[in-house]
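Whole structure, please, built from the sequences with the hints as guidance.
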Amino acid sequence: MNKLKITMVAAGIAALAACNNNTPQEQAADNIEANAEMTADNLEEAADNATTEAKEDALENQADKVREKGEEKADATRSSADLDGNSADDTVSGNSNN
0 MNKLKITMVA AGIAALAACN NNTPQEQAAD NIEANAEMTA DNLEEAADNA
50 TTEAKEDALE NQADKVREKG EEKADATRSS ADLDGNSADD TVSGNSNN
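Here numbering that gives the first Met the number 0 is used: the first residue of the sequence shown is 0, the next is one more, and so on.
Among the hints, erroneous ones may be present.
[What the hints assert, rightly or not] Straight-line alpha carbon distances no greater than 20 Å define the calculated SDA-like cross-link-like pairs of lysine to any residue that follow: (1) K64 to E52; (2) K72 to M37; (3) K72 to E36.
[Said to hold, decoys possible] Across the chosen pairs, the derived CB separations fall in these ranges: (4) G11 to E67: 18 to 24 Å; (5) E44 to S78: 29 to 35 Å; (6) N48 to E70: 21 to 27 Å; (7) D56 to Q26: 43 to 49 Å; (8) R77 to K54: 32 to 38 Å; (9) S78 to A57: 29 to 35 Å; (10) N34 to S78: 16 to 22 Å; (11) E70 to E44: 17 to 23 Å; (12) E55 to T22: 35 to 41 Å; (13) G11 to E44: 16 to 22 Å; (14) T51 to Q26: 37 to 43 Å; (15) K68 to G11: 34 to 40 Å; (16) A49 to P23: 23 to 29 Å; (17) T22 to A49: 39 to 45 Å.
To be clear, the hints were calculated from the coordinates, so they are not data collected in a lab. These numbers come from a predicted model, not from an experiment. Ideal Cβ placement from N, Cα and C applies to all residues, glycine included.
Put into structure tokens, the structure is as follows:
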């Protein structure tokens, strides 16, 4: 099952990379979200196999945090690009003049 998920995520990333309508920032944001989702799925799978309720809860909470951080980082990547795809406010890389 885990190999199937990884294959599906990889196929999705490849499809996104092949799409010429996305800016490099949008592609990077999509990749960030896909990676966070895959990591969170793996954490939830580990939670299903946990030997204690406390460990299961901790892993599920960690999965939620990974998804949230992935979404935040992806949103920051998207919002740092201006309309022509160049970085208007490069806060993600730390090169901002602000």
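Hint by hint, here is what the structure shows:
1. K64 to E52: holds (18 Å)
2. K72 to M37: Measuring from Cα to Cα gives roughly 15 Å; hence the hint holds.
3. K72 to E36: holds (13 Å)
4. G11 to E67: 18 to 24 Å: holds (20 Å)
5. E44 to S78: 29 to 35 Å: Between E44 and S78, where Cβ atoms are some 32 Å apart, the hint holds.
6. N48 to E70: 21 to 27 Å: Cβ of N48 to Cβ of E70: about 26 Å, so the range 21 to 27 Å holds.
7. D56 to Q26: 43 to 49 Å: Given a distance of about 35 Å, which is not inside 43 to 49 Å, the answer is violated.
8. R77 to K54: 32 to 38 Å: holds (35 Å)
9. S78 to A57: 29 to 35 Å: holds (32 Å)
10. N34 to S78: 16 to 22 Å: The hinted range 16 to 22 Å holds for N34 and S78, with Cβ atoms some 19 Å apart.
11. E70 to E44: 17 to 23 Å: holds (20 Å)
12. E55 to T22: 35 to 41 Å: For E55 and T22 the Cβ distance comes to about 40 Å; the hint holds.
13. G11 to E44: 16 to 22 Å: holds (18 Å)
14. T51 to Q26: 37 to 43 Å: holds (40 Å)
15. K68 to G11: 34 to 40 Å: violated (20 Å)
16. A49 to P23: 23 to 29 Å: violated (39 Å)
17. T22 to A49: 39 to 45 Å: With Cβ atoms ~40 Å apart, the hint holds.
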